[in-house]
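2 protein chains.
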Amino acid sequence: MSVDGDRRRGPERSRRLPREVRERQILDAAVRVFSEHGYHYASMDEISDVAGVSKPMIYAYLGAKEDLFTECIRREAIGLMEAISKGVRSELTPDMQLWHGLDAFFGYVDDHRESWLVLHRQATSAGGPFSRQLLEMRARAITLIDALLTKTASSEGMDSQARKGTEAHAAALVGACESLADWWLDHPDIPARVLATRAMNLVWMGFGDLMEGNVWTPTHPES
Amino acid sequence: MSVDGDRRRGPERSRRLPREVRERQILDAAVRVFSEHGYHYASMDEISDVAGVSKPMIYAYLGAKEDLFTECIRREAIGLMEAISKGVRSELTPDMQLWHGLDAFFGYVDDHRESWLVLHRQATSAGGPFSRQLLEMRARAITLIDALLTKTASSEGMDSQARKGTEAHAAALVGACESLADWWLDHPDIPARVLATRAMNLVWMGFGDLMEGNVWTPTHPES
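Here the protein sequences come in this chain order: R and V. Residues 1 to 223 (full-length UniProt numbering) are what the first sequence spells out, left to right. Residues 1 to 223 (full-length UniProt numbering) are what the second sequence spells out, left to right.
Derived by calculation from the structure, the hints in this document are not laboratory data. Among these hints, one or two may not hold up.
[As the list claims (entries may be wrong)] Short, incomplete list of chain R residues facing chain V, as computed with Cβ under 7 Å:
| id | residue |
| --- | --- |
| 1 | Ala171 |
| 2 | Val174 |
| 3 | Trp204 |
[Said to hold, decoys possible] Reference listing, derived: stretches of chain V covered by chain R, where coverage requires no fewer than 3 residues with Cβ under 8 Å from a Cβ of chain R:
| id | segment |
| --- | --- |
| 4 | 22-32 |
| 5 | 94-106 |
| 6 | 169-181 |
| 7 | 193-199 |
| 8 | 202-209 |
[To be verified] So these bits of chain V aren't anywhere near chain R, every CB distance computed over 12 Å:
| id | residue |
| --- | --- |
| 9 | Met44 |
| 10 | Lys65 |
| 11 | Thr70 |
| 12 | Ala141 |
| 13 | Gly165 |
No residue lacks a Cβ here, since even glycine has one placed at the ideal position from N, Cα and C.
Generate the whole structure from the sequences, applying the supplied hints.
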């Protein structure tokens with residue numbers, strides 16, 4: 001994919017920027033380059049060019065390509081999980097909490113396609129240590145969703161038998177959303193909200209209700 | 001993991017075996033060795049040793065390590081999909097069809113842990129062309145599940161609006177099962193049937209019913 005020369009050169013080089021700003025510039029550039037070429041074909045030259053930060057400075061701040069990719073996965077995974085956490089509104093009913101979580105997930109993926117590509121397809125394709133890192137990140141996502149489900153289940157007075165299953169349900173939910181977002185890459189014209197609604201109907205209503213034509217709709221539809 | 005010397009040597013070498021039998025021996029051995037060591041650390045010497053087939057013969061029949069790994073993924077993915085297809089009984093009610101499909105999936109993974117490890121974790125960890133192959137296999141699994149869902153939805157007179165969503169639902173279902181089976185690797189003492197029941201409750205009943213304490217149970221429980 002060819003990108004306009006001026007855009008690629010990225011922000012003006014300056015010696016005055018604080019370290020966090022530079023690191024963010026480098027990581028933003030790295031995510032863009034990794035999402036486009038994958039780990040193996042991405043070059044530090046291009047990352048340096050897009051970031052507007054010299055290669056020696058990238059090495060000094062964030063290390064070699066492997067470290068940079070690791071840090072991209074970590075940062076993007078945290079960004080995604082923070083977006084989901086923020087999306088959940090604990091004052092709402094359980095279904096609306098789940099809906100906001102799903103909506104936050106698909107909305108984030110929609111707004112950060114490059115992040116999702118790096119996090120999902122490129123990290124998987126790179127294999128090796130990155131796939132282990134990915135498994136760890138998925139485990140954290142499952143723990144996060146499990147905590148949300150357990151909290152909701154407890155406040156709803158769900159019995160202990162049902163609560164025992166929340167971790168397995170969280171694993172299923174994370175896998176379902178991941179797979180849907182992957183499928184979405186090949187069906188990009190479906191709006192984020194439509195996908196979130198389908199996911200909600202599946203995980204909240206289940207196939208049983210769907211077969212009978214029962215659908216779930218948000219009680220307070222928002223823009 | 002150390003294995004008894006005699007078992008490792010595998011079946012007696014013989015010049016009389018037909019090609020299919022030899023190829024099966026080689027692939028069985030390859031799946032075992034790949035599941036244990038992963039793609040990068042598996043050696044052709046060990047595969048030859050476990051299969052009881054010489055290395056030149058392995059190269060002649062199935063090619064180099066990369067070809068062997070590709071063929072393992074292909075064979076194991078087909079085995080899994082066949083098991084699911086056979087598990088589905090089209091004469092039953094939709095919920096029982098889905099239940100038998102899920103039960104077949106988790107039962108197969110339970111009986112073929114090595115296949116699942118190769119297919120899921122080792123193929124992911126190997127990255128590169130194998131992760132593309134895995135994406136293709138997942139796409140096929142989604143198509144298979146989609147066909148089952150569409151067939152069921154049509155015979156139940158589900159409306160066209162709901163039917164439009166079956167491919168997305170199939171993607172979600174495949175992802176949910178994959179993630180659950182991955183989670184299972186770290187929680188191996190849960191029986192296959194318990195996991196299948198949890199999966200069924202999630203995808204058939206949905207969280208909505210589960211919150212209200214409604215659970216799904218098979219109408220004809222079998223051993």
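Here's how the hints hold up against the structure:
Annotation: Ala171(R) was flagged as interfacial toward chain V, and the flag holds, the nearest CB pair being 4 Å apart, inside 7 Å. With a least beta-carbon distance of about 6 Å to chain V, the hint placing Val174(R) at the interface is held under the 7 Å criterion. Because the closest C-beta pair between Trp204(R) and chain V is about 5 Å apart, less than 7 Å, the hint holds. Counting residues of the segment 22-32 of chain V whose CB lies closer than 8 Å to any CB of chain R gives 0, which falls below the minimum of 3, so the coverage claim is violated.
A stretch counts as covered by a chain when three or more of its residues have a beta carbon under 8 Å from one of that chain; for the segment 94-106 of chain V and chain R the count is 3, and the coverage holds. Three residues within the 8 Å Cβ limit are the bar, and the segment 169-181 of chain V against chain R gives 11, so the coverage statement holds. Three residues within the 8 Å Cβ limit are the bar, and the segment 193-199 of chain V against chain R gives 3, so the coverage statement holds. By the rule of at least three residues with a Cβ nearer than 8 Å to a Cβ of chain R, the coverage given for the segment 202-209 of chain V holds, with 8 such residues.
For Met44(V), the requirement that its beta carbon stay farther than 12 Å from each beta carbon of chain R is met, with the minimum near 20 Å. At roughly 15 Å from the closest C-beta of chain R, the C-beta of Lys65(V) stays outside 12 Å, upholding its exclusion from the interface. The Cβ of Thr70(V) sits about 14 Å from the closest Cβ of chain R, beyond the 12 Å cut-off, so the non-interface label holds. Listed as outside the interface, Ala141(V) is inconsistent with that label: its C-beta sits roughly 10 Å from the nearest C-beta of chain R, within the 12 Å cut-off.
Against the 12 Å criterion, Gly165(V) falls within the reach of chain R, whose nearest CB is about 5 Å from its own CB.
Violated hints, in rising order: 4, 12, 13; the structure is consistent with all others.
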